[in-house]
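Colleague: Residue numbers (this note's numbering), protein chains in the order written: chain G, 89 to 293; chain S, 269 to 600.
These are calculated hints, taken from the structure and not from any lab test.
Please note that the accuracy of each hint is not assured.
Some chain G residues near chain S, calculated using beta-carbon distances under 10 Å [said to hold, decoys possible]: (1) Arg109; (2) Arg186; (3) Gly191; (4) Ile193; (5) Arg208; (6) Ala212; (7) Met213; (8) Leu216; (9) Asp256; (10) Gly258; (11) Leu260; (12) Leu262; (13) Ala283; (14) Phe286; (15) Leu288; (16) Leu290.
A short list of chain G residues far from chain S (calculated; beta carbon distances all over 12 Å) [claimed, not checked]: (17) Glu220; (18) Leu239; (19) His266; (20) Ala279; (21) Pro291.
Glycine included, each C-beta is placed from N, C-alpha and C at the ideal position.
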Amino acid sequence: MSSNLNLHWEDGTFMDALMLRFLQGYVRDTFGPAVWQAVCRHAELTVETFEPMLRYDPGMADKVAAHVAVVLGRSVDAIWEDMGTHLVTSPGHEGVRRLLRFGGIGFADFLHSLEEMPGRARLAMPDLDLPEVTLNERAQGEFELRCQSHLHGTLRVLSGLLTAMADDYGTLCLIENHGEDQISIRVLDSAHSEARPFDLALPQG
Amino acid sequence: MQQVVPQHPLTIDSAVLARFMPMHLLLDRDGRVISAGPTLQRVLQGQDLPGTPFEDLFEVRSPGGAVTVDDVLARAGHRFRLVARGGIKAGLRGLGQRLPDGLVLMNLSFGIDLIAAVRDLALTDADFAATDLAMELLYLAEANAAVTRELRGLNLRLEGARLAAEEEAMTDPLTGLRNRRAADLVLERLCTVKASFGLLHMDLDYFKAVNDTLGHAAGDFVLEKVGRILREELRADDVVARVGGDEFLVIVTGRVDAPVLQAVAERIIARINAPMQIDGTEARVSASIGIVRSHDMVGADPTRLLAVADRALYAAKDAGRGRAVLMVERFG
Chain G
89 MSSNLNLHWE DGTFMDALML RFLQGYVRDT FGPAVWQAVC RHAELTVETF
139 EPMLRYDPGM ADKVAAHVAV VLGRSVDAIW EDMGTHLVTS PGHEGVRRLL
189 RFGGIGFADF LHSLEEMPGR ARLAMPDLDL PEVTLNERAQ GEFELRCQSH
239 LHGTLRVLSG LLTAMADDYG TLCLIENHGE DQISIRVLDS AHSEARPFDL
289 ALPQG
Chain S
269 MQQVVPQHPL TIDSAVLARF MPMHLLLDRD GRVISAGPTL QRVLQGQDLP
319 GTPFEDLFEV RSPGGAVTVD DVLARAGHRF RLVARGGIKA GLRGLGQRLP
369 DGLVLMNLSF GIDLIAAVRD LALTDADFAA TDLAMELLYL AEANAAVTRE
419 LRGLNLRLEG ARLAAEEEAM TDPLTGLRNR RAADLVLERL CTVKASFGLL
469 HMDLDYFKAV NDTLGHAAGD FVLEKVGRIL REELRADDVV ARVGGDEFLV
519 IVTGRVDAPV LQAVAERIIA RINAPMQIDG TEARVSASIG IVRSHDMVGA
569 DPTRLLAVAD RALYAAKDAG RGRAVLMVER FG
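Chain G on its own, in the form it takes in the complex (with noise of 0.2 Å):
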């Protein structure tokens, strides 16, 4: 493979393959193919695809995301945000909501199963290394997440996403984003609303 396809077997990271696949399906899906091409222009890429089984020079998500940032006049964090609640209520990633509801019968469970989710991804992909989160129940309902990443994006895709994982299980709650590393999470309601059904089965067909 040439070198300008920033495809790399020995130094790229898994990380960044799902990432870069995560926000083409984001921008594809929100704003259209066009959109996703003038990206690509933008960022001079010589390919319009990510191959999420692949791997990409580490740290190019990041730099996906300024082109998608300049192209869509918005804040990176802004669209790294959407893109996690995106994973989490788009029909098309119901797999990725599945996954993460497996985490726990209530949203305090769930975070709590953050801490393993390196390992399950592991269980299902020995080389996939998610970053190691740790989680501090400060007191009840507040939580204190750390989460270290060679990307800038992963931590606002995880507020993203908790956000939307909130709403699922019917969760009022507060997220911020500290810093580059930490999320604190304030749990306001856990009754707020009825949560989303989850069958353990797959659904048929």
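Put chain S on the given structure of chain G with help from the hints.
Modeller: Frame of chain G; chain S shown alone:
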């Protein structure tokens, strides 16, 4: 496994038992049900449990030949397998022990039928003990399916790209016809399977004059036009290739009738003979065609076929151009 364990007589009420072992079965001395855990009750789907003998509820699959609780306890090593007689068809595996007071305690679980059981009984997280790895197994099955789906998608996309690249490598970019490589491969294949076909080797006449007087763009226009004529005059199953500057090969599959091949060639020549309009100027070319037939040759091979077709083509040119000549290789 022989280990001396200090004895701690333990009393557990049924609520605790149900929480730790939601699929337990407690039997009296005679093997009749005293109680069953809540998840096992769902497996047995509302059968009247208290007092029912074990063997009425379950069929023992292993150890072979065992029917009653006593058989199971006496013959099972460290585990036994059961299937419920009523209720869902899931296989169950278990562990049993006669307690000091003579009662029998069994703990069952879904083996590999877990996923089907979860679907059939609409089980939830709450139906399993907190220590059970059922959730992890379900998670893993779905995560695995997702990874497989992605890999299959990747394979399809790569296969699409490979086919496109292959197609490109077999196509003449100017006319969209096949190229020399593609024609060679088809000839090779047809000769290997001893198929019947006609081979037309065509060369344009006066093409160099068009190129020299009207320029290369006009020359390209003529070639494209000839490509279109060939495509229109032949069937989809036939192979039409541009194999040189103004040189074409046509493989007419399944046809070896001399008058038919001659007629096809003459129709092509007639259409190419018609004047072509290029930006108000008129270009005139013609074509000569050499024809050979696979079955005129014993053990036809591409090299000999092409050689004879080439001679036929030159015979057509020598005979005054704008015509087609069918040649049969003579032996001896």
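Colleague: Run every hint past the structure and note whether it holds.
Modeller: Here's how the hints hold up against the structure:
1. Arg109: For Arg109(G), the interface hint holds, since the closest Cβ of chain S sits about 9 Å away, which is under 10 Å.
2. Arg186: With a closest approach of 6 Å, the Arg186(G) hint holds.
3. Gly191: Cβ of Gly191(G) sits 9 Å from chain S, so the hint holds.
4. Ile193: holds, 5 Å
5. Arg208: holds, 6 Å
6. Ala212: Nearest chain S Cβ about 3 Å off; hint holds.
7. Met213: holds, 6 Å
8. Leu216: holds, 9 Å
9. Asp256: Constraint on Asp256(G) not satisfied, violated at 15 Å.
10. Gly258: Violated, about 16 Å.
11. Leu260: violated, 22 Å
12. Leu262: violated, 27 Å
13. Ala283: violated, 12 Å
14. Phe286: Constraint on Phe286(G) satisfied, holds at 9 Å.
15. Leu288: The hint holds - Leu288(G) has a Cβ within 10 Å of chain S, the shortest such distance being about 5 Å.
16. Leu290: holds, 6 Å
17. Glu220: About 18 Å separates Glu220(G) from the closest Cβ of chain S, which puts it past 12 Å; holds.
18. Leu239: It holds; Leu239(G) is separated from chain S by about 20 Å at its closest Cβ, greater than 12 Å.
19. His266: holds, 30 Å
20. Ala279: The claim stands: Ala279(G) keeps its Cβ more than 12 Å from every Cβ of chain S (closest is about 17 Å).
21. Pro291: The claim breaks: Pro291(G) does not keep its Cβ more than 12 Å from every Cβ of chain S (closest is about 9 Å).
Hint compliance for this structure: hints 9, 10, 11, 12, 13, 21 are broken, all remaining hints hold.
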